[in-house]
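Chemist: The lines below spell out each chain.
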Amino acid sequence: MTAKTRILSRLRAAPSQQKAAPSAEDYAVAQQPWRFDSTERTSRFKDLLTAVQTEIHDCTSETWPQTLAELAAQKGWRNLLLPENSPLNNAIEQTWQNSVSALPPLQHYDQAIEAWREALFFDTDAAITGCHAAIAATGSIVLWPSPSEPRLMSLVPPTHIVVVKQSQLADNLLDLMQQQQWQQGMPTNLVLVSGPSKTSDIQRVTAYGAHGPKALIVLFLTDC
Amino acid sequence: MSHSHPLHDFRAASSHAAQDPTQRHNTRAAMDFLMQRRAAQFPDADELSRLRDLGQRIRQRALSRLPLLLEQLEARCVANGIQVHWADTPAEACEIVAGLMRQANSQEIIKGKSMVSEEIELNHFLEAQGMTALESDMGEFIVQLAHEKPSHIIMPAIHKTKVDIAHLFHDELPRTPYTEDVDELIQIGRHALRQRFFTAKVGLSGVNVAVAETGTLVLVENEGNGRLTTSAPEMHIAITGIEKVVEKLEDVPPILSLLTRSATGQPITTYVNMISSPRKAGEKDGPQQVHLVLLDNGRSQAYADLQLRETLQCIRCGACMNHCPVYTRIGGHAYGTTYPGPIGKIISPHLLGLDDTKDLPSASTLCGACSEVCPVRIPIPELLLRLRQESVTPENEPNHPHTVRGQGAKYRATEKWLWRSWARIYSQPVLYRASRFAATRLRGLLPHDVGAWTIARAKPQPAAKSLHELVAEYQATQGNQP
Ligand code: SF4
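Residue numbers (the numbering used here), protein chains in the order written: chain L, -7 to 216; chain Y, 12 to 493.
This is chain L alone, in the form it adopts within the complex (with noise of 0.2 Å):
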């Protein structure tokens, strides 16, 4: 006999008992307590990112490029890591050739990990990415990694910089996965990012940029 079938034969033999599934009803104190109007779920969003060191940038769809050129110049980036082939790539892409001071160098992920690792592990200090939702009840960003945008771009490198429409933002991850049906068909890796990597293993003391990003920083398009 299989492990599996000893486990399961043993698993039938119990007792069985009818336990009902959790009505609507009963789900939605996930979700009421958790549901804001637009200012509130606007400032809930970045008050609680802010909290874990986040830094957040109100910029439109016109600024934004140009905000993170000024970012780049001002944090002294080495370089900095684009999607494969994303909407946001275009813009940034204008906006370092017309810039007047140096930029560091945009680089794109476009082929395998096992072609390029060691210069993601050390040698890349920034990636920008898109998100695929945010969160007001908890301050989180919803990440659907793509080909286009692979999961380690999000994680290797000492800064990630992810851009969010107002839009997009949800109130609570319930009502979110629900509107978006997400149990029909989940990507392979899904990420909520709620601020830097920390950790408080260490006498309870918090300290950032554990394993992951050291600095996350949020260009907030209020226009869109």
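A few of these clues could be false.
Claimed, not checked - The calculated PhoX-like cross-link candidates involving lysine-lysine, where the alpha carbons are at most 25 Å apart (straight line), are:
1. L:K38 to L:K206
2. Y:K291 to Y:K259
3. L:K38 to L:K157
4. L:K157 to L:K206
5. L:K(-4) to Y:K173
6. L:K11 to Y:K259
7. L:K67 to L:K38
8. Y:K291 to Y:K212
9. L:K206 to Y:K173
What the hints contain is simulated information worked out from the structure, not anything from laboratory work.
Dock chain Y with the ligand against the given chain L, drawing on the hints supplied.
Modeler: The following block gives chain Y with the ligand in isolation, referenced to the frame of chain L:
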């Protein structure tokens, strides 16, 4: 290699720990911190109560359909490309992991936090095979470097101060200057482990919730080591107990909310990592292979009894230990088990047998602080009472089903005889009056030392007159008026 546990002397270890002022101070401070953090997350008692009801319902519903859900989970995972393995015992689980490492041609494994891997003593097993396991969670890394075991399921190095860790890093890590600055210490850890993430071929993680509906493994963490462990190597092995499964994806948000708020008082952890498949064609990173190991190790024993089954509702938040007056005084190591504190007392007898854990169910005041905070409403004190009963009921007792391995480990014929005699005396008036007479008149004969009782207490001396006698005398003086 063997998984036999030399009988841990809980009595000696706990009394030793309770007399260690450093341990007392560190654990107290940490538990106060965690209790305050949790309380701040639940300002609305009504919301908390309804959320706990929901958590309890989700977990009980999942357990009521456990065999079905496990098969559904396996089918969904396989359809998504995740390979599923079943392990009855710790030895089987260790063999599966070692086999997968050999298949990946790797002598080394990098680990995210996994209490189940502690439970099966994976590191020890791999070392005996000449393989290595490297812990990457900062707390686990510290504990491993110090050749110790975690003292808390959420904060493994909670028993250590930054000074301890400063010395440890300076002594154990090459070319590391002495520093007590926590930021610098964390950067030292980051740097040391980054190199290992870069080279690791196999990563091993635990699982916080497994979703049967979608074949999704949900992991929560703050550091990013869990994401690295599950994203950077070629192979990811996830290991979990069979009870961690839930029915639907929409069960995840309430469970997450209960888990992170109860555990560390965070509205959510920095990362919630949901894995549903290995790297797909066209994707540029992520592991080529994902394996899920489902471990029983005594869980089906708890499952076989409807009351003990409630033990399996646990989502491993650690709130019960944070609020436990016993844990706070003796710390995690004194228990000698992978899971310390109240949850450890109710789950360990199933994992290890009551013969190896017989002192645990009685190491409780039954104050109920644990069940008051438990996010899935496990009635821990009731389960402790039940396990106490099992520990004094011999295996061959007629009309008593054999439910727990090592049952009757505390059974003593003399004790049984004493209670029987007590019952006889108290149910027969003649005997009762005679014993009362003897106890009050011979009270002076009680020795000063009555064994364990008098180690920390005055001896329980009977009064000179019994209550019955006092009442009778009183009534006599009052002319027999009530
Ligand atoms: S028994 Fe309850 S409080 Fe304790 S770890 Fe499990 S879920 Fe948390």
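Chemist: For the pair supplied as a hint, L:K11 and Y:K259, is the alpha-carbon distance within the 25 Å limit?
Modeler: 15 Å, holds
Chemist: Between L:K157 and L:K206, does the CA-CA distance stay at or below 25 Å?
Modeler: Between L:K157 and L:K206 the Cα gap is close to 23 Å, so the pair holds against 25 Å.
Chemist: With the threshold set at 25 Å, check whether the alpha-carbon distance from Y:K291 to Y:K212 stays at or below it.
Modeler: Satisfied, since the Cα-Cα distance of roughly 18 Å is no more than 25 Å.
Chemist: Tell me if the straight-line CA distance from L:K38 to L:K157 falls inside 25 Å.
Modeler: Between L:K38 and L:K157 the Cα gap is close to 12 Å, so the pair holds against 25 Å.
Chemist: Given the hint that L:K38 pairs with L:K206, does the C-alpha gap stay at or below 25 Å?
Modeler: Given that 25 Å is the threshold and the Cα spacing comes to 18 Å, the pair holds.
Chemist: Holds or violated: L:K206 and Y:K173, Cα atoms, limit 25 Å.
Modeler: 21 Å, holds
Chemist: Take the C-alpha atoms of Y:K291 and Y:K259, compute the straight-line distance between them, and say whether it is at most 25 Å.
Modeler: Judged against 25 Å, a Cα distance of about 24 Å means the pair holds.
Chemist: CA of L:K67 to CA of L:K38, is that 25 Å or under?
Modeler: 22 Å, holds
Chemist: Are the Cα positions of L:K(-4) and Y:K173 separated by 25 Å at most?
Modeler: At roughly 45 Å apart (the allowed maximum being 25 Å), Y:K173 and L:K(-4) break the hint.
Going down the numbered hints, you'll see the structure goes against just number 5.
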